[in-house]
Amino acid sequence: MENSESEYRVEMTGISKSFGPVSVLEGVDLRVKHGEIHALLGENGAGKSTLVKILSGVHQKDGGKVLLNGKEINPKNTHDGQVLGISVVYQELSLVNDLSVAENIYLHKMGASKFWMNWKELIKDAQELIDSLGFDINAAARVRDLSIVQKQVVEIAKALSEDTKVLILDEPTTVFDPNDIKKLFENLFRLKKQGISIIYISHHLDEVFKIADTVTVLRDGVDTGSLPVSETDTDGVIRLMIGRDLKDLFPVRDIEIGKEPIFEVKNLTARDNLVHDVSFSVRPGEVLGIAGLGGSGRTETAKLIFGVGKKQSGTIILNGKEIKTKSPVDAVGFEIGFVSEDRKEEGVFLPLSIRRNISVTSFKSICTNLGFLKVDKEFKNVIGLIDKLNIKAPSCEVDVKNLSGGNQQKVALAKWLSIDSKVIIIDEPTRGVDVGAKVEIYNLINEVAKKGVGIVVISSDMPEIMGISDRILVMHQGTFYGELQKEQFSEENILRYSIGEPIK
Amino acid sequence: MALTIKQQLSSPGGILKFLIKYNTIFIFIVLVIFSALISDVFFTSANLTNLLKQVSGIGIISIGMLIVILTGGIDLSVGSLVALLAVIFALLVNTVILPVAILLTIIIGFSIGSVSGYLVAFQKMAPFIATLALMTIARGLGFIYSKGSPITFKSPGGEFMADFANNSTIGIPNIAIVFLIIVVLAMVMLRYNVFGRLIIALGSNEEASRLSGIKVNKYKFLVYAISGALAATAAIIVASRTNLGSPNMGMAWELDAIAAVVIGGASLNGGKGTAINTLIGVLILGLIGNILNLLNVPSYPQQVVKGGIIIFAVLLQKFESK
Ligand SMILES: Nc1ncnc2c1ncn2[C@@H]1O[C@H](COP(=O)(O)OP(=O)(O)OP(=O)(O)O)[C@@H](O)[C@H]1O
Ligand SMILES: [Mg+2]
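Chains as they are written, first to last, in the UniProt record's numbering: chain A, 1 to 504; chain B, 1 to 322.
Please note that the accuracy of each hint is not assured.
Unchecked claim - Sample of chain A residues with no beta-carbon within 12 angstroms of chain B, all distances over it, derived:
| hint | residue |
| --- | --- |
| 1 | 31 |
| 2 | 79 |
| 3 | 95 |
| 4 | 121 |
| 5 | 140 |
| 6 | 230 |
| 7 | 328 |
| 8 | 378 |
| 9 | 496 |
Said to hold, decoys possible - Simulated pairs of lysine-lysine, DSBU-like, Cα-Cα distance not exceeding 30 angstroms:
| hint | chain 1 | residue 1 | chain 2 | residue 2 |
| --- | --- | --- | --- | --- |
| 10 | B | 218 | A | 310 |
| 11 | A | 392 | B | 272 |
| 12 | A | 486 | A | 321 |
| 13 | A | 321 | B | 272 |
For the record, the hints were derived by calculation from the structure and aren't laboratory data.
The C-beta atom is built at its ideal place from N, Cα and C for all residues, glycine as well.
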């Protein structure tokens, strides 16, 4: 640890910030010690991302003071932040898809280095860095070809460099399976030992209690104080976050599940063979969970069904009739819905308003035959959903890019859960969503199931998948390895199946 | 945020923000006032009529350009299409009855646009490349069909069109009326019809559109075809105004159309832009030309000024997005 007279590495005091007329932060304090893991918690839209973006130079504060090692700093842009040793893994991926992994990792340093790059060395260095993190990614691969989990690892690698003093991670684990999370934590502990201060934002409270030394909770742009983790527990933190106790995270599943499957997949195999011999069925009203490690083929299976990606063989049966889904257009035509895990690239339209985002799947019900919009109906529909899902926004005309991450996720979900479907496949339903809002989403999923829709949920979040599924299928290396009935649900059983071992 | 105009103006720095937000209209009004002050011919009906007539052709193709740009594409072929289709219309008007000539020209325009659309949507060709190729092909065909020289109207149908194109109804030039009808149609389609919603969605995130079950290829194809049909409409109008179809017509019009759309605040990345702003963009470009003509500025300096205004307008929009 380096010598410094100041007790804190980072000291933010009285920070305020508004976007136009909307005040987001009001007099927030955040103090992070040297070599500490400091969790920053709060509901969706509480202002967590905004606060760390002020620290890193993305946003400029309206008022308050930021000290780094006791010296006042005023980063005007992210470059300033980097020079000061502040590195961030942002909530949304920000990689350049057409460059290689290595180029992405060193992108922000390229401008400063010599004119000619030594590519071999670059790739070697990047490979060493990734290997040292314990992940298996080829540094020469193009980012476009990576899975979202791998992209997230590249983001983390990118944020680590020799002179990082403060590492900020804004919901880094939303796409990680328990194995990945374990690896990440080992790395964080190592960095902490080197004296690096880490600010960790997450909605997974169990994670926080595993790694953090101190928590700071934000509520509606005001901090409710900081506590050593040892002095609080999950319920205490939730109370600070939402101002009340949270009774049941998961709704009671009292739905009558149909006898005949509404949807069946038989021996589905992808042309690239990443997914092979996948068979399953869902009944009306049933919530089928799909678990597995990252890269086991869960997302690929969903996309294959939905008509993205080429099928080699296999049949898909809806209501007893075989259907062909060559493209998403076909799938949607058969009333199959799909919520992607990658909301920024595949889920929402960032530059468009909440209204335009949600309506994009529901034109059938809000249009005349000639395609003219019934605007009243549209507004009513959208405002109803904003209310129901508690989407935090000043109006339905706000662009989705100005929403917090969790609220964007709710928009992505609303688009599908508000229309009539026979089957809905949801890939990571609550990515980045706070505990309170999770309950609302689970309730909505339940409500949709009640209408006799078959629901398939893919999730890496263990409590979630066990809490909402009626049955869980576990994927391993591109196919289903095992099935768990409700009474067999346990973290251990899921993990065993996901690494290809029988359960006890 | 739903603030009223009054609230916007009274907030701190409000007037400036307001001006930046509505910069296109602001530039337009400044230009009008400026023109009226420095030239007393400007506000004469003869000059205004002339101005409207001059912008109508480019205006119509600008609307086509707008819907292509909304999807994130570009259509470089429209200027050459105007030439080719003007020649074709002149040939047709001299051989078949007028309604058939008009209809056929528009169908041919739609079909040529469909070729670009097919290449972009189904062959995944870059719009810039596909329409660049169509641009030289159309220009070449124009010269081939006309044998290099203008084809004059020589039929009653042609005379009727020339009359129509050079006259006014209730003080507004007929061709400007055609242009305005197209603007209104585009406005309605973009605002109140699914078509507009979908092409804007498509332009702002193609992958998310595909995964929402939107027929991405169909709409990509359609916008180029429509742009072709609008180029045909523009061709009929400009040919009728001069009573002939010439392979030299529409030189570099695609660039003016792109400029008009961009001055109107549309984003070349797609997903952002409106018909009414494009109309203002067209008028701004037309005004600059008009006032410089009234001031007897020769054509080369005119080009320099035009370029300067484009940069200025786009810089103002940068402010807006901050
Ligand atoms: N660029 C922006 N323009 C306008 N409003 C914004 C902008 N960025 C954020 N906001 C608003 O500021 C508030 C705080 O957002 P922020 O992203 O900091 O929340 P968060 O605590 O990180 O939430 P989440 O857990 O969902 O990620 C939200 O209400 C959001 O709508
Ligand atoms: Mg956030």
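Hint-by-hint comparison with the structure:
1. 31: holds, 31 angstroms
2. 79: At about 18 angstroms from chain B, residue 79 of chain A clears the 12 angstroms cut-off, so the statement holds.
3. 95: holds, 15 angstroms
4. 121: holds, 34 angstroms
5. 140: holds, 25 angstroms
6. 230: Consistent with the label, residue 230 of chain A stays out of reach of chain B, its closest Cβ about 43 angstroms off (over 12 angstroms).
7. 328: violated, 5 angstroms
8. 378: violated, 10 angstroms
9. 496: Label holds. Min Cβ-Cβ 33 angstroms, cutoff 12 angstroms.
10. B:218 - A:310: holds, 20 angstroms
11. A:392 - B:272: Between residue 392 of chain A and residue 272 of chain B the Cα gap is close to 24 angstroms, so the pair holds against 30 angstroms.
12. A:486 - A:321: The given pair, whose Cα atoms are some 29 angstroms apart, holds under the 30 angstroms limit.
13. A:321 - B:272: violated, 42 angstroms
Violated hints, in rising order: 7, 8, 13; the structure is consistent with all others.
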